[in-house]
Every structure is written in structure tokens, then in C-alpha cells.
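Engineer: Sequence:
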Amino acid sequence: MAMRRQAELKENPRRRRTIRPLPPDEKHFASSHTHTQTHTLFTMAASERTTDLGRALCIITGASRGFGRTVARDVARLVEPGSALVLVARSGDELRALQAELVQSEAGRAGLVVECAVADLGDVDGLESVVRTSEKAFAKHMDHVLLVNNAASLGDVSRYAKSFTNMAEVDSYLSLNVSSSLCLTAKILQAFPQRPGLRRTVINVSSLCALQPFRSWVLYCTGKAAREMMFRVLAEESQTSGCSTILQGLWIRTCRCWPDPKQLIPVSGNHFQTCFLRASFSPVKSPVPN
1 MAMRRQAELK ENPRRRRTIR PLPPDEKHFA SSHTHTQTHT LFTMAASERT TDLGRALCII
61 TGASRGFGRT VARDVARLVE PGSALVLVAR SGDELRALQA ELVQSEAGRA GLVVECAVAD
121 LGDVDGLESV VRTSEKAFAK HMDHVLLVNN AASLGDVSRY AKSFTNMAEV DSYLSLNVSS
181 SLCLTAKILQ AFPQRPGLRR TVINVSSLCA LQPFRSWVLY CTGKAAREMM FRVLAEESQT
241 SGCSTILQGL WIRTCRCWPD PKQLIPVSGN HFQTCFLRAS FSPVKSPVPN
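Position 152, counted from 1, in the sequence shown is what UniProt numbering calls 152; the numbers after and before it change by one each time, with no gaps.
In case anyone wonders, no lab produced these hints; they're calculated from the structure.
Using N, Cα and C, we set each Cβ at its ideal position, and we do this for glycine too.
A few of these clues could be false.
Under the rule of at most 20 Å between Cα atoms (straight-line distance), these lysine to aspartate or glutamate pairs were calculated in the EDC-like manner [unchecked claim]: (1) Lys140 x Glu115; (2) Lys140 x Asp74; (3) Lys187 x Asp125; (4) Lys136 x Asp125; (5) Lys136 x Glu80.
Label-pair ranges, simulated between beta-carbon atoms [as the list claims (entries may be wrong)]: (6) Ser175 x Arg215: 20 to 26 Å; (7) Glu101 x Val124: 29 to 35 Å; (8) Met167 x Ser105: 42 to 48 Å.
Can you build the whole structure from these sequences, using the hints too?
Structural biologist: Below is the structure:
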């Protein structure tokens, strides 16, 4: 088949498909255009299956819009009654609108508790606020703590790397996009220590920019690459630290941007839930290489 394809392209070069560069902010594009066919690429090594996430405390950062908002809606359908969601973002109005929506949903009517933590994760007080809200939302009957590290900012994508001479500007970006993710993860793991019957899952929402450079996206690529390695280290340490399940990277692609559609899995609502569940109950994972 491959040889036949090469022969066809040699005879008729116009049939060769030109691949557009992948927009680095693919997860925002996919989540904010729900009518667009999207694809998900997961590393799924586990054979365990389940129907829900248990009675869980689920902490979702960047939950006010886009992909984080979509994750919150799906997680609400995957937890058992008696669970709690802690929605984290800087936009209070959008968080409260999502909170009201989830409280009125079938899961909300079944007893799902939804709390909002309006916080700037680049600030120490913001991190402490998220931890306090999470501790208040946790109940003894819960058997799962799930942290979804989704919050991120784009940075200035109009400039090349050589223009970033202001150290304070770079430090501010990395504080929000790297330092806060590490510190929040550490604080949550410490706030909810390992004990019999408690699962702890940490998810890092990643990007192709963690692996591939894009011109003028130096801040975003740097932040994603740093988080990539940070969670690889956490995954390595998790074998002895008591954080038993780590999902290394939740990858979103759009069909018109990914260079090899054969590598993609079409996403329906049920498929997304299956991937999420299998990831949550799987051993340590690493991203699929390019």
C-alpha cells in the first residue's frame, strides 16, 4: 500500500496533501469549537475497566472555559453520588455559571457537591485558597482524589525568543504555568496523604508544544516542556511516593492539523469517558512519541 501511494504521488505530484502547521493552542481550539471533529491521543497500557471514578474529590484548574470546562462536565457524569468538584480559575463569574449548571444537572441532583475556588495560581495565596477549598470539600467516605492540571496561559506569541530580555516578564509567565502546577500538585498530595482505600490521580493536560518547537511560541513551548518533564519525574517517583496513578499528558488534536490521521482515534462522548476512566485506573504512563 505504501509503495503504491508513493508511485501515485510520483506520477501526480498535485495529489500530495499539504499539511498546515499545527496551531500550538490545539486544546483550546478543540474545546472551544465543539462542532469540529476532534481527536484524542492517549497512552493506554492498562486493561482495568470500570464504570466511574468512584466517590471522588476532583480538582480541575482552568475550569471556567474551553477544555477545562468540558472536562468538568464530563467528570461530573463519571463520579458517584457523594462526590465533590472543586472548580479553579481566575474568572469568578464564569466559574459560578458552570457551578450552577452542574448543580442543576443529573449529577447535581444526585448529590454532587460543586465548589468554586476563584484564585490566581501564580500567587501563593491563590494556591492556599485552592487547597483550603479542597480540604473543606473532602469527605471521609471519598475513595479517590483526582487533580487535573489544566490551567495555562498562552503568553506573547507575537515576539521571537531574542526579544525576551525582561526577566520579570519571563518569571511571571513561568510562575503561573510551571511553578504553580508543581506546587499545587505537591500541596494536594500532602493534604491528602496515602492511606488504604484512597486512590490519588494526577493528570497533566499537555500539548504538542511540549515536544516540538514553534516560532514565536517560546514561552508556551518552554512552559509545556517543563511541565512535561516535571510530571515525568513525578511519575517516576510515584512508585515509592504513594501517588499510584499518573496520567502523563492528555492530548487533543484536530483532524485538519494532525499530520497522520491514521494515528488518531475519533472522539465521541462515550469514547472520551472511556479514555478518561482507563487513564485514571492505569499504571504510570508516558506520552506516545511522534
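Engineer: Are Ser175 and Arg215 spaced within 20 to 26 Å by their CB atoms?
Structural biologist: Check passed, 24 Å falls within 20 to 26 Å.
Engineer: Please verify whether Lys136 and Asp125 have alpha carbons no more than 20 Å apart.
Structural biologist: It holds: about 16 Å lies between the C-alpha atoms, which stays within 20 Å.
Engineer: Just to be sure I understand the hint, the distance between the Cβ atoms of Glu101 and Val124 should be within 29 to 35 Å; is that true here?
Structural biologist: Holds, since Glu101 and Val124 (Cβ atoms, about 31 Å apart) stay within the stated range.
Engineer: Sort out whether Asp125 lies within 20 Å of Lys187, counting only the CA atoms.
Structural biologist: holds (13 Å)
Engineer: Does Asp74 lie within 20 Å of Lys140 when you go C-alpha to C-alpha?
Structural biologist: Cα-Cα ~24 Å, so violated.
Engineer: For the hint 42 to 48 Å, verify it against the beta carbon of Met167 and that of Ser105.
Structural biologist: holds (46 Å)
Engineer: So if I understand the rule, the pair passes when the alpha-carbon distance is 20 Å or less; does Lys140 with Glu115 pass?
Structural biologist: holds (17 Å)
Engineer: CA of Lys136 to CA of Glu80, is that 20 Å or under?
Structural biologist: holds (18 Å)
When the structure is compared with the earlier hints, a violation turns up for hint 2 alone.
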